[in-house]
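K.L.:
Here is what each chain is made of, one letter per residue.
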Amino acid sequence: MSSPVYRFFEWLDARLEPVRERAPRVPVPEPVRQRWQQGGRLWRRLGPLRYLVAAGLMALIPPLMERGWFPILNGTYGQTVLFNTGYWILLTLGLGVVVGLAGLLDLGYVAFFLLGSYTTALMTHSGAPGQFHFVEWPTWAALPFALIVAMVAGVAIGLPTLRLRGDYLAIVTLGFHEIMLEVMNNLGITNGPRGIPAIPTPSISIGSFHYDFGLNPAPYWWFLLIPAIILAVIMVQRLDGSRVGRYWTAIREDEVAASAMGVPIVKMKVLAFVIGASTSGIAGWIYATNVTFIDPTSFPLLLSVLVLCSVVIGGLGSIGGAVLGAILVQAVPEAVRQLSGGNTLFGFDPLTGRIAIFGAVLIIVMIYRPGGLLAARRRRTEMVTPGPESGVVVDDASATEQEVAPADDVHSAGGRST
Amino acid sequence: MGRSRWVVLGSLAAALSLLAAACGGGGGGGNQAGGGGQSCSWTVATMGALSGDYASIGTPILQGIQYAVDQVNKSGDLACTLKLDKEDSQGNPDQAPALAHKIASNDNVVAVVGPYFSGETLASGPIFNSAKLPFITPSATDPSLAQQGWTYFFRAVPNDAAQGPVAAEYIEKALKASSAVTIDDNSQYGKGLAAQVAKKLGSVNKGSFHIDPNSTDYSSTIAQVKSLNPDVVYYGGYSPQAGPLAKQLKQQGVAAQFMSDDGTKDPTFGKLAGPAATGVLVTCPCADPTKLPAASSFVKGMQQTYGQPPGTYAADAYDVVQMIGQALKNASSSDSGTDLRATVEKYFQDVNGYQGITKTYTFDSHGEVEVDPLRGVWVYKWSNSDKNFVALGYAGQLLK
Amino acid sequence: MHCNAALIAPTFVTGLILGFIYALIALGYTMVYGVLKLINFAHDAVFATGGILVFYAFGQWFGIVQPLSGVSLVVLMAASLVIGALASAGSAFLLERVAYRPLRRRQGARLSYLITAIGASFFADYLYQQNFLLGPGKREFPNYFNVSKAFTVFGSVVQNVDVLIVVLAIACLIALDQFITRTRSGRAIRALSEDQVAAQLMGINNDRVITTTFVVGGLFAGIAGVLYAIKFGFVVWNMGFVPGIKAFTAAVLGGIGNIRGALLGGILLGLIENMSAVCVGAEWKDTVAFSVLVLVLILRPTGILGEGIKG
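Protein chains in written order, with the numbering used here: chain A, 1 to 418; chain B, 1 to 400; chain C, 1 to 311.
No lab work stands behind these hints: they were computed from the structure.
Check the hints yourself; a few may be wrong.
[What the hints assert, rightly or not] Here are the simulated SDA-like pairs of lysine to any residue, each with C-alpha atoms no more than 25 Å apart in a straight line: (1) B:K132 <-> A:A218; (2) B:K83 <-> A:S340; (3) C:K149 <-> C:R208; (4) B:K271 <-> C:V147; (5) B:K74 <-> B:Q326; (6) B:K199 <-> A:G188; (7) B:K86 <-> A:L345; (8) B:K83 <-> B:P143; (9) B:K199 <-> A:N186; (10) B:K271 <-> C:P67; (11) B:K176 <-> B:G396; (12) B:K381 <-> C:E140; (13) B:K83 <-> B:K291; (14) B:K83 <-> A:A156; (15) B:K271 <-> C:M77; (16) B:K83 <-> A:N186; (17) B:K400 <-> B:K387; (18) B:K206 <-> C:N4; (19) B:K200 <-> A:K267; (20) B:K300 <-> B:Q63; (21) C:K149 <-> B:T278; (22) B:K200 <-> B:T151; (23) A:K267 <-> C:S291; (24) B:K291 <-> B:E370; (25) B:K199 <-> A:A128; (26) B:K199 <-> B:P165; (27) B:K381 <-> B:I357; (28) A:K267 <-> A:A156; (29) B:K132 <-> A:N186; (30) B:K381 <-> C:V294; (31) A:K267 <-> C:V294; (32) B:K387 <-> C:V147.
None of the values given here were measured: they were computed from a predicted structure.
Throw the hints in and build the complete structure from the sequences for me.
P.N.:
Given below as structure tokens:
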């Protein structure tokens, strides 16, 4: 390396030094943010009623879109974007449990989503004549199975990868997604790359009353997504506040200590995967029955990374963060795309450029706001004060790698003891 | 009493009042008004890969459509101006439904030219069909599209079930091959087409192989092909893979004639295949407008507007728009977009022998254009001087 | 399974050559992991940058499209390798400064590093995909190096560029070996990989050594990038993604942090890939590659040759 170049970068470092020092080591909790997250007295006093209020507000959105209250996203198009954001919220909540609460980096999360959708397709009267089906049951009957298959897959991927440290777990889960894609693409029973069209939409027939959900996204939003989201939120909040949540926190912070304290590491990690997979199984069913056509190209690896983006950018381990992340990743780029009228913005193509922007935002968020934009307060503190690495191999017999904390930087002002 | 309490109360109040307004108020929003007044307009929508990985396939089609819309407006035959609404799906089936809803709920839209790919057609077809919006695809060739029971679906080009067997016949009769091998990229389009070819070839086909489109090294597949020493290699897939595949086949010393499909038919093939592009053949269910006297003004006009000759399927897309124009000839300016959807659909159902620049159009009960595959499927050869594929003729001519 | 015995030899040869490319890229992963215990997900973008910059330099700016020969070819090849290596090294340097060092200063949690790495990788890849850079399609690489047949062995045609790849890869490995074992910086890297605190106490400037590690890894990835672009004849925005994952698998297979392991892993993976493609079909390539990875991680996480930056 040539010395002048190096000296230039040293100079750059020195310029940046004051900026970095200004960034707080431990973020001071702002009173308003704190209040908002706890919800304020009225919100808390509402108790279970607040979910109804939330549901009511959410249910208002489609009719408002019909009347053009939302800029750009209006009419049926806006409702479709709303539907997309809805199942994306489910995915983000699920991955939020895995990454945010349990601290396990899962790069292949959409594989569960894919399994949920394919289970739905293969258990209903779908596809061309001659399409293989396990059974041909009404659409509703496929819902519990989509859930179960996803959860079983969660166990299947969780068990063997338990002992792997964070980095390896990420690659293995990514591999799982790729393997699932290849399997769906190569097997004859899933109709390979041609995909499965004509998945029946859910319908309700009671006596003479018959209602088919059809292709319009609004009924899906009202009767499927809103209940699913509310239920998922309740589940995540309950888990977070329960012993399981505390186990997850312990594992996240210091796995060795947690194991020494008697935390059942194996069970808790698998549980995290299973809970995470459950929301995406349901989302898979909802997606498949609305879009009525699925094929392997509908679930590319990119989706897994995008869900991760919305979890991280929105806020790890927080509900509001999940919603914000989903909106930022799904709804905002759509709106931007419509605004730009299909033209590029500053040279960035709206559809693919958003991913470049998310990548950059990930870096920025990790440096300046490690818990995400709307991080849970506890999480934010954690991400800055590290313990020894998480994801240590617990099984001592095979542990040969060294666990070394990142170098304590003697140059940093106010050295901290690790 | 915290600020947040008022925030919650305030939003509750706002929500209730909005609810009241929503129930009380009426009228529609977000839809364009059409018809009436001095300048009225109807919209033709198109949806396909206008950007992203497949933009090189979608852009020529869009150019053909845009040019056709301008021509229809110039001719002044219609009571209202035709507008073009472009929706970019990047060829992805999961982008398709949102855009399809957007198009279908736009009351000004009378027809859709597209989608360009089969996957996105499968995803958006149900929406168009239930909105009674005719959608005519100029390029999606998966045979199953016509089997979905969509009354509003029409296809302006022969499908893979026509192209595949013709390619096989060409291999057997014109190339006089005694052994052939098919390779495909394991995608919706490539796999289906290669399977059609293999089926028709029967025992002449010595093996069907796949490549992984995400990887760049095809050496293992090539080793298998080489060991069979075929006369012809037929590849079903797109040019980004076909180019390097042809190149590597030549590098490994496979002397077979390389042949591919309409997904390969674009100039990028030559760039990626390098010297291996010489002599490569492709089949396409698209006519070469430069070889058709009826299309000469189209070719000239496209050359003038875009600075290059029309790309694959541009001429067929032009025909589709012209037919839509024909359907709207007798419409009056007070007709709304939604009324005219039925008119357009009826036109396409009933049309018998419309003389387009590429072929004569009659559609069967499934929406497929009735055309003899031997006339509808053309064979092209790579020309190093033109740096593109040049038509040899339609299959019927070459198989005499 | 229908393994054709006659095909084993030719696929062996092609798999071997591919393996050397993986080995060169794997060096970057292995070195960064050895020192920081971190998988540098963004290394795939580092690899791509080398090939892409040479594409711009000689393809777009200087517009060299004809094959060259003789002295001018040698000069141009040397220039492209140097430019590619420096470009990748520069991007690795930038990556370390912009993405990882701030996290080190803030003592971020392990998860942060991983997420930052993913963010950096996707930022770079999709930046390259924009129309003002490469665009979404494959871009033809300037063909100043006429790829032609060198000789045939075991029924497989070996190109002249393949010979160059093998020669350069071995040369690079020897060079890196010497660097690690003989030079001061190399010793510092080894020290840091063993015990960061002790190294600091011994007076080693951690920051500088870490930067060196990234840069050296980047140099080799850049060379690999240029060779890859010449061999296959194109560059594309996501050209690093699949080789990156394969190279990482190779590094793990051979022993993460171990330089000889990177070579062994690369060759092994190339062979396994190609042979499995012949036996089960190329459409299962990814499944095979990832299954190998999972098996190695579960059964022998330290890889075949074990961990640690030994020469």
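K.L.:
None of the hints should be skipped; say for each whether it holds.
P.N.:
Going through the hints against the structure:
1. In summary, the hint linking K132 (chain B) to A218 (chain A) is supported, as the alpha carbons are separated by about 19 Å, within the 25 Å threshold.
2. Taken as a hint, the K83 (chain B) and S340 (chain A) pair is honoured in the structure, with Cα atoms around 18 Å apart against an allowance of 25 Å.
3. Taking the CA atoms of K149 (chain C) and R208 (chain C), the gap is near 44 Å; set against the 25 Å cutoff, the hint is violated.
4. For the proposed pair K271 (chain B) and V147 (chain C), the alpha carbon gap of about 15 Å is at most 25 Å, so the pair holds.
5. Distance hint between K74 (chain B) and Q326 (chain B) is fulfilled; the C-alpha atoms sit about 14 Å from each other, no more than 25 Å.
6. Between K199 (chain B) and G188 (chain A), the direct Cα distance comes to roughly 17 Å. Compliance with the 25 Å bound is thereby established for this hinted pair.
7. In summary, the hint linking K86 (chain B) to L345 (chain A) is supported, as the alpha carbons are separated by about 17 Å, within the 25 Å threshold.
8. Between K83 (chain B) and P143 (chain B) the alpha-carbon distance is near 30 Å, which puts this suggested pair outside the 25 Å criterion.
9. The suggested pairing of K199 (chain B) with N186 (chain A) holds, with an alpha-carbon distance near 19 Å, which does not exceed 25 Å.
10. With a C-alpha separation of about 15 Å, the suggested pair K271 (chain B) and P67 (chain C) falls inside the 25 Å cut-off, and the hint holds.
11. With a CA separation close to 16 Å, the supplied pair K176 (chain B) and G396 (chain B) stays within the 25 Å bound.
12. Restraint check: the Cα-Cα separation between K381 (chain B) and E140 (chain C) comes to about 21 Å, which is no more than 25 Å; the hinted pair holds.
13. Under the criterion of a C-alpha separation no larger than 25 Å, the hint pairing K83 (chain B) with K291 (chain B) is inconsistent with the structure, at around 30 Å.
14. This hinted pair does not check out: K83 (chain B) and A156 (chain A) have alpha carbons roughly 53 Å apart, beyond 25 Å.
15. Distance restraint check for K271 (chain B) and M77 (chain C): the Cα-Cα separation of roughly 21 Å lies within the 25 Å cut-off, and the hinted pair is therefore satisfied.
16. For the given pair, K83 (chain B) sits about 42 Å from N186 (chain A) by alpha-carbon distance, which is inconsistent with the 25 Å threshold.
17. Proximity of K400 (chain B) to K387 (chain B) is assessed by CA-CA distance (about 28 Å); at most 25 Å being required, the pair is judged violated.
18. Note on K206 (chain B) and N4 (chain C): the hinted pairing holds, with a Cα-Cα distance of about 15 Å set against a maximum of 25 Å.
19. A distance of roughly 55 Å separates the Cα atoms of K200 (chain B) and K267 (chain A); the hinted pair therefore is violated under the 25 Å criterion.
20. For the proposed pair K300 (chain B) and Q63 (chain B), the alpha carbon gap of about 14 Å is at most 25 Å, so the pair holds.
21. Between K149 (chain C) and T278 (chain B) the CA atoms are separated by roughly 18 Å; this keeps the pair inside 25 Å, and the hint holds.
22. At roughly 30 Å between alpha-carbon atoms, K200 (chain B) and T151 (chain B) are farther apart than 25 Å, so this suggested pair is violated.
23. For a cut-off of 25 Å, the pair hint linking K267 (chain A) to S291 (chain C) stands: about 24 Å separates their Cα positions.
24. Restraint check for K291 (chain B) and E370 (chain B): the C-alpha separation of about 21 Å stays at or below 25 Å, so the hint holds.
25. Restraint check: the Cα-Cα separation between K199 (chain B) and A128 (chain A) comes to about 20 Å, which is no more than 25 Å; the hinted pair holds.
26. For the given pair, K199 (chain B) sits about 8 Å from P165 (chain B) by alpha-carbon distance, which is consistent with the 25 Å threshold.
27. Between K381 (chain B) and I357 (chain B), the direct Cα distance comes to roughly 22 Å. Compliance with the 25 Å bound is thereby established for this hinted pair.
28. With a C-alpha separation of about 13 Å, the suggested pairing of K267 (chain A) with A156 (chain A) holds against the 25 Å cut-off.
29. Straight-line distance between C-alpha atoms of K132 (chain B) and N186 (chain A) comes to about 35 Å, which puts the hinted pair past the 25 Å bound.
30. A C-alpha spacing of about 46 Å is found between K381 (chain B) and V294 (chain C), which places the hinted pair above 25 Å, so the restraint is violated.
31. Between K267 (chain A) and V294 (chain C) the CA atoms are separated by roughly 21 Å; this keeps the pair inside 25 Å, and the hint holds.
32. With a CA separation close to 21 Å, the supplied pair K387 (chain B) and V147 (chain C) stays within the 25 Å bound.
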